[in-house]
Structures are given as C-alpha cells and as structure tokens.
Amino acid sequence: MRWNETEYAGWGRVQTAHGEIARPERVSSLEAILSEGSVPAMGKRRSYNDACLNSGGRAIDMTRLDRIISFDADKGVLEAEAGITIGSLARIFAPLGWLPKIMPGTGFATLGGAIAQDVHGKNHQVSGSFGQHVLSVTLLTSGKRVIATPSRNKALFKATMGGVGQTGVILSAKIQMKPCPGEMVMVTERRAEGWDEFLSMLDTSTATYSVGWIDTTARGDALGRGTLEEGELAAGNVLKHKGTLSVPINAPGFALSAPVVRAFNSAYYHKVPVKGRTSVKPLDEFFFPLDKIRNWNRLYGKRGFYQFQTVVPTAQAPALREMLKQIAGSSLFSPLAVLKRMGPGRAGHLSFPMEGYSLAVDIPNRRGAQALVSELERATVAAGGRIYLAKDALASGDAVKAMYPEQGEWAEIVNKADPEHALETDMTRRLNLRSTT
Amino acid sequence: MSETWIILGATSSMARAFSRQVAGEGARVLLAGRDIDDLKRAATDLSVRGAKSAEAVAFDARNPESFGAVISLAEKGEGMINAAVFVGSMPPQEDIDADPSLIDGTVIDSFTGPARFLQALAPIMEARGGGTVVGIASVAGDRGRIGNYVYGAAKAGFATYLSGLRNRLTSAGGHVVTVKPGFVDTAMTWGLPGMFLVASPDAVAASIMKAMKKQKNVIYTPFFWRYIMLIIRHIPEFIFKKMSI
Ligand SMILES: Cc1cc2nc3c(=O)[nH]c(=O)nc-3n(C[C@H](O)[C@H](O)[C@H](O)COP(=O)(O)OP(=O)(O)OC[C@H]3O[C@@H](n4cnc5c(N)ncnc54)[C@H](O)[C@@H]3O)c2cc1C
Ligand SMILES: NC(=O)c1ccc[n+]([C@@H]2O[C@H](COP(=O)([O-])OP(=O)(O)OC[C@H]3O[C@@H](n4cnc5c(N)ncnc54)[C@H](OP(=O)(O)O)[C@@H]3O)[C@@H](O)[C@H]2O)c1
Chain A
1 MRWNETEYAG WGRVQTAHGE IARPERVSSL EAILSEGSVP AMGKRRSYND ACLNSGGRAI
61 DMTRLDRIIS FDADKGVLEA EAGITIGSLA RIFAPLGWLP KIMPGTGFAT LGGAIAQDVH
121 GKNHQVSGSF GQHVLSVTLL TSGKRVIATP SRNKALFKAT MGGVGQTGVI LSAKIQMKPC
181 PGEMVMVTER RAEGWDEFLS MLDTSTATYS VGWIDTTARG DALGRGTLEE GELAAGNVLK
241 HKGTLSVPIN APGFALSAPV VRAFNSAYYH KVPVKGRTSV KPLDEFFFPL DKIRNWNRLY
301 GKRGFYQFQT VVPTAQAPAL REMLKQIAGS SLFSPLAVLK RMGPGRAGHL SFPMEGYSLA
361 VDIPNRRGAQ ALVSELERAT VAAGGRIYLA KDALASGDAV KAMYPEQGEW AEIVNKADPE
421 HALETDMTRR LNLRSTT
Chain B
1 MSETWIILGA TSSMARAFSR QVAGEGARVL LAGRDIDDLK RAATDLSVRG AKSAEAVAFD
61 ARNPESFGAV ISLAEKGEGM INAAVFVGSM PPQEDIDADP SLIDGTVIDS FTGPARFLQA
121 LAPIMEARGG GTVVGIASVA GDRGRIGNYV YGAAKAGFAT YLSGLRNRLT SAGGHVVTVK
181 PGFVDTAMTW GLPGMFLVAS PDAVAASIMK AMKKQKNVIY TPFFWRYIML IIRHIPEFIF
241 KKMSI
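Heads up: the protein sequence lines correspond to chains A and B, in order.
Heads up, the first sequence is in this note's numbering, so the first residue is 1 and it goes up one at a time.
Heads up, the second sequence is in this note's numbering, so the first residue is 1 and it goes up one at a time.
Just so you know, these hints were derived from the structure itself, not from any lab.
Do not rely on the hints blindly, as some may be mistaken.
[As the list claims (entries may be wrong)] Simulated crosslink set (DSS-like; lysine-lysine; CA at most 30 Å straight-line): (1) A:K75 x B:K210; (2) B:K76 x B:K213; (3) B:K210 x A:K292; (4) B:K216 x A:K281; (5) B:K76 x A:K240; (6) B:K40 x A:K292; (7) B:K76 x A:K242; (8) B:K40 x A:K101; (9) B:K40 x A:K144; (10) A:K240 x B:K210; (11) A:K275 x B:K40; (12) B:K213 x A:K275; (13) B:K52 x B:K242; (14) A:K416 x A:K174; (15) B:K213 x A:K292; (16) B:K76 x B:K241; (17) A:K240 x B:K241; (18) A:K242 x B:K242.
This structure is a prediction, so every number in the text was calculated from the model and none was measured.
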C-alpha cells in the first residue's frame, strides 16, 4: 500500500497536520496495513478539530471502504463498511422505505465517524444518539478482528461509541434503521422573537425533528431571536437531485465580517413570515442544508474558524443566555448558529449529549477568538455542561475531564485495547485523554 | 428486459463507481477480476443498490483460459451483453527500465488481454444484435512521454483496437465508447507525485454514463483533457523530444 505524505486539516482548518495517509480500497489492504501495527482511522474529516489528525504519524482514510455488506429489508437492519457516508445511506435507502435513525447535520459524515463521535441529529430529544442504534461493530484492534455488541464485549462496545477511534479501526457496523415514507420532509418554520420565547417553543415542540437557527448578532430585547424548524418525514420522491455549488478558493476576510453577517442574519430572520410557513423539502435539504455548498469552510478564509458547541443542563438555560450575550457582544459571530433541545440519550463514556440545551456557533479565527472560546468553555464547566469533542479545538485536558466524569473508566478500557497508544491522535494528545489519573 | 454488464477489472474504484451506476438502472452485473473475496463484497453492495443480480467471477487478463467461463456466464442472461474494461496496470517506468520483462505484463493487462477477451465476445454481441463496450484507455496513450511510455504505448494500442472494434460492431447495431481519463483519484495514482486536476471516480463514471446515452465515440474525462491533449499532441516532435513533462 502506498502512503501519501501530505498536509491535511479538520473541517475548521485552524488545526492542520503533516503525515502519511493510506487509503485502502479493499478489506485485505486494510488488514495488511494493520498487521504491521495499529494506525488511527479517519473518515471524511468533518470533525472541525484535531480529532482526525495525527501529526508526524500515519492515518488511514476509510472513505473507500464504503460497501453495503447486508440489508434485511423486513427489519431495516443494515451492515456496511465504515467509510460509507450517512448521506449515501439516506439516498440509497429512503426510496426503499428506510432511513438511518440518527443523521448529523452533514451527510458527509461516515458511518465510522458517526459512531466514533456518537453523533446526534435533529431528533435527539426523541431518538437519542447514533450509538444507541448500533447493533454491532467489527473492530480491527491490535491486529485482530473483534466483534463487539451491546451484550458481547460490552465494555469495548461502550468505549467505541463516542470513543474517537481509540478502541481500534472500525471496519464495519450493523445499525437499526427506521421506516420512512418517502424522500421528503414536511417542514414548518416559525419565528422566535427572543430568548424566552425560543426556549418555550423548543420545550413545547412535539415534532420528531426540530432545530433552531439563532441570530447571534441580535442584542437587547432581540437577544436570542431566531427561527425554529420542525420536520416530519413525508411521502414523495425526488425526481432529480439538485447539483451542488462549490467554493473554489479561500474567501477574503471581509466576506464574513461583522457587518456582512449582521445584514445577512437580519434578512434570513425576516424571510420566515410572522405567521410562519410550511413546505415540503427533499430529505437532504432539510437534514444536510450546508452540503449543497461544497467546501463552504473556505468562506472563512485561509485562517479558518473554530466551532464551539456546548450543552448545558435544562436548569442552566440562563447560563447559556449569558454565553450568547457574550458572543453577540464580541463581533466574532457568524451566520451559522444552532440552538437545539437535547434529550438524555448517549451511548458511550465520552458521548456529548445530556438533557438540556445545546448551542453551536462558528467563530472565525480572528483576534479575540481564542479568548472568547476559552471564556465560553469556562462558563460551560461552571454550568455543569459539556463541550463537543467533534468541534472543540482549544480546551485543556482538565476541563474536558471535569465535563466527562466517565473519562477515566473509558481510558482504562481503551488502554487495554491499544496498549501501545498507537491509535492516539492530535486531539487525544492535546487533551491527555488516555490518562487514567 | 434487463441487460448484462460484464465489468473487467471490477476491483478498481473507477469500476466500482461505474458498476453502481448500471446497478442503479437495474442491470445484471458480472464482476470479473482476480480478487474474488473483494468482488463478492462488491456484488452484495450492488444487489442492494438496485442491480437485478450481481455475481463475482474469476478473470485474469494474463490467463486466457479464464475468459470462457466469464463469457458463458454472461450468455445465461437474456437481453444485450455489454462489457466495460477497467483492467490495466502501470508499473513505475524506472522498474521497467530496470527489468524490461515487465513490459509483457503491462501490455497484456492494459491491451492484449482485454482485446482477446473482447474478440471472443464480439460474435456473441453481434448475434444478439448489439450491446455496448466501454473501454478505458488513457491520455497517456495520446503521446509517449518519458515518465510512462510503456503503459502509454499499451493504452495507445488498446485505443486503436477499440476504434477497430467500434467499426466492426457498429454494423451489427453495437456501440463502443473509448474513455480517455486524465488523472483519476484511485489506488493507481494515490500518493504519486505530480498529480493535478484529479477527478473522482464518481465523476468519471457519470461522464461515461452520459457518453453512452449520447452514443459518443471517444471521450476525454474530465472534458478539458481533450484540450490539454490537443496541445500536447501538436507540439512538434523536435521540441517534444527535449521536454520533460
Ligand atoms: C456541517 C456540519 C454539520 C454537523 N452537524 C452535526 C450534528 O448535527 N450532530 C453531530 O453530532 N455532529 C455534527 N457534525 C460533526 C460530524 O458529524 C462529526 O464530526 C463526525 O464524526 C464526522 O464524521 P467523519 O466521517 O468526517 O469523521 P472524522 O471527522 O474524519 O473523524 C472523527 C473521529 O472518528 C474517528 N473515526 C472515523 N472513522 C473511523 C473508523 N472507521 N474507525 C475508527 N475511528 C474512526 C476518527 O479517528 C476521529 O476521532 C457536523 C459537522 C459538519 C461539518
Ligand atoms: N487512475 C488514473 O489516473 C487513470 C488514468 C487513465 C486511465 N486509467 C485506467 O483506468 C483503469 C482503472 O484503473 P484505476 O485507476 O482504478 O486503478 P486500479 O485500482 O489499479 O485498477 C486496475 C484494475 O485492473 C485490474 N487488473 C490488473 N491486472 C489484471 C489482470 N492481469 N487480470 C485481471 N485484472 C487485472 C486490477 O485488478 P486487481 O484488483 O486484481 O489488481 C484492477 O481492478 C485502468 O485501465 C487504468 O489504466 C487510470
């Protein structure tokens, strides 16, 4: 297998790595590589940070191992190689009446990446996290094939869900899908004029899928205004999938400067009429709205951006409001900001979700960005909340350990599976995530 | 009535992308190649993606005795028989310089093996009144360059063969598409220096599908390679021979 020596980055492009990457196209090539020693795997590198980077070392790009291994059309049980993307699963199976139960906001996440970050979707409050619907995983760990399920190799299974690749290379996984009536979603959009109204709309929503877009530029009485999108799966077929646009080059700095974002957000907010509106959209437009523009991360210019995602317990909503205020006052805002209600569902020791509210914002890498993120992280710890390991680029190990009380237990299982620490990544080293003390 | 597609060199990621396209249209797909374990995995994948049926079958371009079984399996299907050839090998030119006997294998894999197979298949296609052959040649066949002229020569031979086969099959209602890819992001080019404007296997597969529908004869993919090669072919030999591109 040839190794490609290259520079690569996470989705936020602030963190980069230089190293060798192999991209096996068949299982036997992957096994041949791993017989010489463990190497961390990566998917489509849709994690914003250094979770999928291994500076100075080697990594395996799993995206060409993307085949369906079996499908039970009566039960909706699917087994596939880990490099297949969630978006292609939706495209292949929706016409057959099935959909992955949990889909993150990008269809480009791979099955392996969705497991390794135990991702959540717009239905988290109803259906929990991705790992809760995984029936089994086949791992290549220390040169051996190991199958783990919720009842067999239980500890290893749990440590793999949200385990950021540290238990071994996920070769394939079996998941339970959910029935779906077609390729469409019935979407209702409503305005929330301010923070309190937004929270009560989220609390009272009975929709299967719900997600809030929040205007981070709004201040004063309008603080926390935004729009709530609610969706239900619907019948109907997409005749022709729309093409994608692409951002071919890095955008100049002013493209997402504060005045531009302010103007854009206001227009975006007012697009939803006061009375709300309902429409029927193809699945991918509702679930993966940003995927329509390939390489949209280049809009932030060559310095890249951070994404900050936090979740705080329900009772700590006021703390989240303070965080929002801080962002609105900083001029480091961007159009992309998401407010979600989360349920308690989580599958692993390091899974992000907890019952409460989650806020995710992009923060352009300009002066003051790091200080702002650190502030927000401190506020998260104080509120008893958590930041997301698929997004965070700046936290310290101590803060993360405080947010993830099961980290020590996880590290013990993982260190047994990978005693040589060959699977460590830039993130696990930065956070000293594998230490048991 | 469903068609049969024979895919030669079906382990290639370009072939995988193409097979998924024809599977999506409900074809019966025969995945022919050397790595049967991998082809079986691919066959299951294609069945779920809409193929009428998909099977793995042993095929080695260097062993003509393996050809008959592939052809008789194809004949079991009713409708038209089509074939797409993705077989090819490109050893580094310096390996060939060190061991000229590598030329034989390169030429068999990229030219004479597939040609012999197609030659045996052609009468059956004619008898059934047509069908389509897709042959992957290469821009490397348009002009011999210091970096890979043995592989280039084999591909040039294959392209010429395809042109003749087109001539033959047209009168029987068949069609031949010659595909000349530039750089494609596959196992063959992964990690090689000097790659630029690299196309994805999916993009190549989509352009082949389009070319078949429009009954194109020779396509470059991505399309701009037509112009790049137009320029390269027109550089006078007395200049070209001193260049290193
Ligand atoms: C626009 C956008 C929207 C998003 N929306 C959401 C959302 O709504 N909810 C949510 O939860 N997340 C969301 N994310 C984050 C994304 O879903 C996760 O980062 C996911 O892990 C990305 O998958 P990937 O295949 O790109 O994995 P990568 O980012 O490449 O890798 C992530 C981790 O998984 C490990 N890994 C990957 N494949 C394997 C494997 N085969 N075996 C072992 N380990 C492996 C890597 O080592 C790494 O630790 C979003 C990201 C983007 C860019
Ligand atoms: N990648 C590019 O940039 C590029 C550009 C122009 C043209 N091409 C051509 O595109 C085609 C597909 O190549 P690729 O890029 O996808 O690379 P690849 O993965 O190396 O594919 C080559 C295929 O040929 C098969 N093969 C080689 N020798 C064989 C033999 N003796 N018998 C049976 N099968 C044999 C291989 O099978 P095994 O799995 O058994 O090895 C494999 O399926 C090739 O013809 C190549 O020359 C590629």
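Consistency of the hints with the structure:
{"no.": "1", "hint": "A:K75 x B:K210", "in the structure": "violated, 36 Å"}
{"no.": "2", "hint": "B:K76 x B:K213", "in the structure": "holds, 25 Å"}
{"no.": "3", "hint": "B:K210 x A:K292", "in the structure": "holds, 23 Å"}
{"no.": "4", "hint": "B:K216 x A:K281", "in the structure": "violated, 36 Å"}
{"no.": "5", "hint": "B:K76 x A:K240", "in the structure": "violated, 34 Å"}
{"no.": "6", "hint": "B:K40 x A:K292", "in the structure": "violated, 34 Å"}
{"no.": "7", "hint": "B:K76 x A:K242", "in the structure": "violated, 38 Å"}
{"no.": "8", "hint": "B:K40 x A:K101", "in the structure": "holds, 28 Å"}
{"no.": "9", "hint": "B:K40 x A:K144", "in the structure": "holds, 22 Å"}
{"no.": "10", "hint": "A:K240 x B:K210", "in the structure": "holds, 15 Å"}
{"no.": "11", "hint": "A:K275 x B:K40", "in the structure": "violated, 55 Å"}
{"no.": "12", "hint": "B:K213 x A:K275", "in the structure": "violated, 48 Å"}
{"no.": "13", "hint": "B:K52 x B:K242", "in the structure": "violated, 53 Å"}
{"no.": "14", "hint": "A:K416 x A:K174", "in the structure": "holds, 24 Å"}
{"no.": "15", "hint": "B:K213 x A:K292", "in the structure": "holds, 27 Å"}
{"no.": "16", "hint": "B:K76 x B:K241", "in the structure": "violated, 51 Å"}
{"no.": "17", "hint": "A:K240 x B:K241", "in the structure": "violated, 49 Å"}
{"no.": "18", "hint": "A:K242 x B:K242", "in the structure": "violated, 47 Å"}
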